[in-house]
Each structure stands twice: as structure tokens, then as C-alpha cells.
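Peer 1: Residues per chain are reported as follows:
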Amino acid sequence: MADVKKIATRDSYGNALKELGAEHDDLIVFDADLAGATKTATFQKAFPDRHFDCGIAEGNMIAAAAGAATMGLVPFASSFAMFAAGRAFEQVRNSIGYPHLNVKIGATHGGISVGEDGASHQCCEDFALMRSIPGMVVLCPSDDVEARAAVRAAYEHVGPVYLRFGRLAVPVFHQEEGFSFQIGKGEVLQEGGDVAILATGLMVNEALEAGKALKERGISARVINLCTIKPLDEELVLQAARECGRVITCEEHSVIGGLGEAVCALLSERCPTPVRRIGVNDEFGHSGPAADLLRQFGLCADHIVEVALDLCK
Amino acid sequence: MTASEKKQLMAMACKVRMGIIEGTHGAKAGHPGGSLSAAELFTYLYGKEMRVDPKNPKWEDRDRFVLSKGHTAPGLYAALALRGFFPVEDLPTLRHIGSYLQGHPNMNETPGVDMSTGSLGQGVSAAAGMALAAKYQGRDCRVYTLLGDGEIQEGEVWEAFMFAHHYKLDNLCVIIDNNGLQIDGPVDKVMSPYPIPDKLKAFGFAVAEIDGHDFDQLEAAFAQAKQTKGVPFAIVMKTTKGKGVSYMENQAGWHGKAPNDEEYKIAMDELTAQLAEVEAM
Numbered sequence: 001m002a003d004v005k006k007i008a009t010r011d012s013y014g015n016a017l018k019e020l021g022a023e024h025d026d027l028i029v030f031d032a033d034l035a036g037a038t039k040t041a042t043f044q045k046a047f048p049d050r051h052f053d054c055g056i057a058e059g060n061m062i063a064a065a066a067g068a069a070t071m072g073l074v075p076f077a078s079s080f081a082m083f084a085a086g087r088a089f090e091q092v093r094n095s096i097g098y099p100h101l102n103v104k105i106g107a108t109h110g111g112i113s114v115g116e117d118g119a120s121h122q123c124c125e126d127f128a129l130m131r132s133i134p135g136m137v138v139l140c141p142s143d144d145v146e147a148r149a150a151v152r153a154a155y156e157h158v159g160p161v162y163l164r165f166g167r168l169a170v171p172v173f174h175q176e177e178g179f180s181f182q183i184g185k186g187e188v189l190q191e192g193g194d195v196a197i198l199a200t201g202l203m204v205n206e207a208l209e210a211g212k213a214l215k216e217r218g219i220s221a222r223v224i225n226l227c228t229i230k231p232l233d234e235e236l237v238l239q240a241a242r243e244c245g246r247v248i249t250c251e252e253h254s255v256i257g258g259l260g261e262a263v264c265a266l267l268s269e270r271c272p273t274p275v276r277r278i279g280v281n282d283e284f285g286h287s288g289p290a291a292d293l294l295r296q297f298g299l300c301a302d303h304i305v306e307v308a309l310d311l312c313k
Numbered sequence: 314m315t316a317s318e319k320k321q322l323m324a325m326a327c328k329v330r331m332g333i334i335e336g337t338h339g340a341k342a343g344h345p346g347g348s349l350s351a352a353e354l355f356t357y358l359y360g361k362e363m364r365v366d367p368k369n370p371k372w373e374d375r376d377r378f379v380l381s382k383g384h385t386a387p388g389l390y391a392a393l394a395l396r397g398f399f400p401v402e403d404l405p406t407l408r409h410i411g412s413y414l415q416g417h418p419n420m421n422e423t424p425g426v427d428m429s430t431g432s433l434g435q436g437v438s439a440a441a442g443m444a445l446a447a448k449y450q451g452r453d454c455r456v457y458t459l460l461g462d463g464e465i466q467e468g469e470v471w472e473a474f475m476f477a478h479h480y481k482l483d484n485l486c487v488i489i490d491n492n493g494l495q496i497d498g499p500v501d502k503v504m505s506p507y508p509i510p511d512k513l514k515a516f517g518f519a520v521a522e523i524d525g526h527d528f529d530q531l532e533a534a535f536a537q538a539k540q541t542k543g544v545p546f547a548i549v550m551k552t553t554k555g556k557g558v559s560y561m562e563n564q565a566g567w568h569g570k571a572p573n574d575e576e577y578k579i580a581m582d583e584l585t586a587q588l589a590e591v592e593a594m
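For the record, the sequence lines run as chains A and B. The opening position of the first sequence corresponds to residue 1 in this note's numbering, with each subsequent residue numbered one higher. The opening position of the second sequence corresponds to residue 314 in this note's numbering, with each subsequent residue numbered one higher.
Treat each hint with caution, since some may be false.
What the hints assert, rightly or not - Listed next, the in silico BS3-like pairs over lysine-lysine satisfying Cα-Cα at most 25 angstroms (straight line):
| # | chain 1 | residue 1 | chain 2 | residue 2 |
| --- | --- | --- | --- | --- |
| 1 | B | K481 | A | K45 |
| 2 | B | K448 | A | K45 |
| 3 | A | K18 | B | K448 |
To be clear, the hints were calculated from the coordinates, so they are not data collected in a lab.
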């Protein structure tokens, strides 16, 4: 792993915006005094006339982006997940979701891997909030290659999209060449038949590592990347459940309302299957280095292996 | 404006008021008070001020109107219907299942509605976003938004005002309907927003203070708005909540209550008499 390139998906976001901005002059960007951190500053540097800082006022930013979308522009509105999905939830719901406007919400600093800033800034509720809005697409890319492709797909999709990016540099495991991304489609990264590990965001790489470790222990795990949390790739999940008979979900999010619950809702109705949810267990995070926090909260390959071994007993 | 133009607008305002009563009576719910206080404003916008085309409601270069105080949809719907966006006969379907006239404006269902609103404070932000977009796109269209005086208690409104001034949105015209009453009572008893013009000036707006029931003053204020460059414009209009229906005037209780059959008849009789008076002018 030592020679694997690591990039934070927030950097991918900034780079993708800049690339797309060169192709489409209807793409504009809003930020709320966090351009340096969300990396929309990368776009701002290239296109200063269509990057609009809204100051520390996320509610206004989201509804202003909605207004701009009614004029035929494609606004990307950015802040930390805590403020984009949390503080401005009602603006997202009423001014973007209800009129189904073509706004993309680029939310960075999702999950506890925010690290040292602590619980106030570690948003583990954004999937739950955004999933609950009718017509909202929810994406959480796993690495640089997928993140840049997801930004492009979000631009091309007509309608509201919520994208969650991370602060922490994470391994780039996708190959650029031949990579294709489609909203609503999951990706089987490792074939297997004993247990299905469904992961999103930075947990996908952990799931891959766990899959390899399990193989050494004689357990064949199917590792699936679900970048699109909504709409869920139901067929892929159902097939995995039917063929593996055991499911583990992994997300850097509360076990309430996120990928785990989406999978459980689907399986309990259409293919009852034993499921274990790995996520943040209804508690707040705290300050600390991201890598230590992820281990402490069980958001790591070792813990996935543990849970899989227990489930496969 | 000519005397006949003014007479036409006054007659339209009476008809907007009738539409408000028809709508809220048909719905057995809704918000007549704040709709009636803004009847002249709705009339002036759709009867004279705004560049719109009822045959082509989504025309890209039209002027935009965002009803930030979305609960006064009955007033907006009446003006849109009278301007020809949809049949006046549909107004009583307000809030009915299957009607395109939702309790609060829905841009995807109602021809002529430029933004879905209802949650107070958000419409003005959307209007500011539209004005910003129009500038970026080089469109010469103007954006108008109407807020209630209670609505400006929402913090987001002041975020939007900062934004409008920061980005020099002189194509944005904010109108505040200062009828002095909100659901729980007089605005200055509930949570005083006063002094409104001074606050707007402090936020960088050019401000006109007018009687919101006087078409000459509306005309002068909107003309001043168009001439103002480099800063956003605000019109603070003093109005009477429930204006035009005797028993509704200045009664907070008529903020969100529909007239029953008897009250409906009294209101329509009063408004019919007012219309006849205007037409006899």
C-alpha cells in the first residue's frame, strides 16, 4: 500500500469543477467562505467571474443557487456537509428539492475523517437528511477517479444531486483508463459468494482490504462499491443478497438513515437476509487524527473482517 | 400614468380582491389578509410593470416575480389569472385535490409562477440568485420579490440583503408589505422589525417609502427603482391588512382564515360596489 497514490475527494471535486468549467459556461459555483477547504478555489482561480462567495450564510447560498438554476444555469453550491445538508436542510428541501431544480450540492468534509475539528464539524447525518428528499440523488465517491467522474455525471444529470466528498487523502484504487461511471449503478470490485460487503465512500477501500484478508481466512467476500446511495442499485444488492446470503454494509455515516438502512429496507421487503451495519453507532465523533478516529469507530478493514468472520460462523 | 390607465388598474385591483375572496372561500382556507394588502402591488406588477407573456410563461427574457411571502398565493393567482395566464374561473379550486393552484406557489404546476415558495425567507434568496444569474448571462430582465413585514424576522432575509448589495444587484427590486400584522398579532409586539427603511439603508439598499394602495406612488417608486444603478432597490409600502373588505381590515385574525358563505357574500357585495364606483369614475 505504501506506493499507492492518495488524494482527498475534495481535491477531486475542485479539479473536476475546473475541468467542467472549461467545457460549460453555464456551470457556476457558490461557496460560503470555505473555498480554500472545499477546493472550489481551484475553480475560482480559473473562472473568477462565475465563482460567487456567499459569505458565512449557507441558507441564502442554497436558495440563491436555486434561483440561479431557474435561469438555466447549473450551480454547484459548496460548503461542509454539516452546513450544506445540516444547517441548510430546509432550503435544500423547499427551494431545491420541492421544485426539483437543477442544483448540485458539493458537500465536503463528510464523516468523522474531518478529524481534529471534532464532532461539531463531523457530519454523519447527511445521507439520512438528503435521502429523505424526493428526487434527490445522493452520491458518495470512493476515490479520486470516481469522484471526478461523479462530478461530471452530476453536471450531466438534470435535477438535484447531493455529492459528499472527504477531507482525508484516500488511496486511489480505480484505474483511470476504461473507468465509467453511471448514477444508480453499483460496482462489483471483488467476486465472492460467502458474504457481500457493500460499501460507500472511503469505506470502499477498507472493504477491498477486508475482502483480501478474508480470502486468506478462507472466506470469499463479494465487495461492492455503492457510490450512489440514492437511487440504490436494487438489482445488484438483491443479487448479492440472494447469492451470498449474508450482507455487511460499511459507511462513514450514522447507522441511522444511511446506506445500511437503505439496504435493510430493500432486503427486508424483497429478500430477507442477515445484515450487519458498520457505521457510526448513534454517537457523536470527537477530535483526533482522522486515521485514529476511523480505527476507533470501527471504520476500518480490520473491523469489517471481524464482523464478517462473526457473521460467517 | 394616464387617468384611464389608473382607472383600469384600480378596476383590476378590485378584481384581484374578488379573486382572493373567490379563492379562499372556495378553498375554505388560505390567507386573505396579506393577499388583500398587496392587491395593488400584484395589480401593478402584472398589469403594468413586468415584461411577461401569458402565452409563453417560460419566455427566457421575461421579468421574474418571486412571492417570498408565499402564503399570499391567492393574490398572486388572481393577478396571474386576470393577466391571462390561466382562467379566472379556476381560482375557486385553490387548495383542492387535483388543482394546479397549491396552497403555496408551485412553479412546476402553475403557469406564470417563477419560483416555488412558502417557507418564509427563502424566496428573497432565490430572487437574488435569479438577479445574479441574469447579470452573469447578460439578460436585461428584472427580478421582483415581495416579502411580508413579519417575514423579515427571518435571518435568511438579511443574508440575502447582504448578498444583493455585495453583488450590486440593481436588477433586483425588493418590496416589503408593511401591513403591521402577523399571525400572533402586531409585528412590533411579536418581534419588532422596525425601523425597516433604516435597516435596509444600512444594508446598502436605495429605499422608497410609499402608500402601497396608491398607484401613483407605486409608479413613481418602480420608476426610481429602474433608474437606480449599482445598488439593489427596496420599496417599503405601508398597507392595510385585509384592505377592501370592511370586516377583515386591520384584523390579525384574518391572516389565515377563509370567509364562510355569509362572509363571502358580504365581501363580494362590498367589492362589487367598489368596482362599480371605479367604473363610474
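Peer 1: Could you check the structure against the hints above and give me the numbers of any it violates, in ascending order?
Peer 2: none
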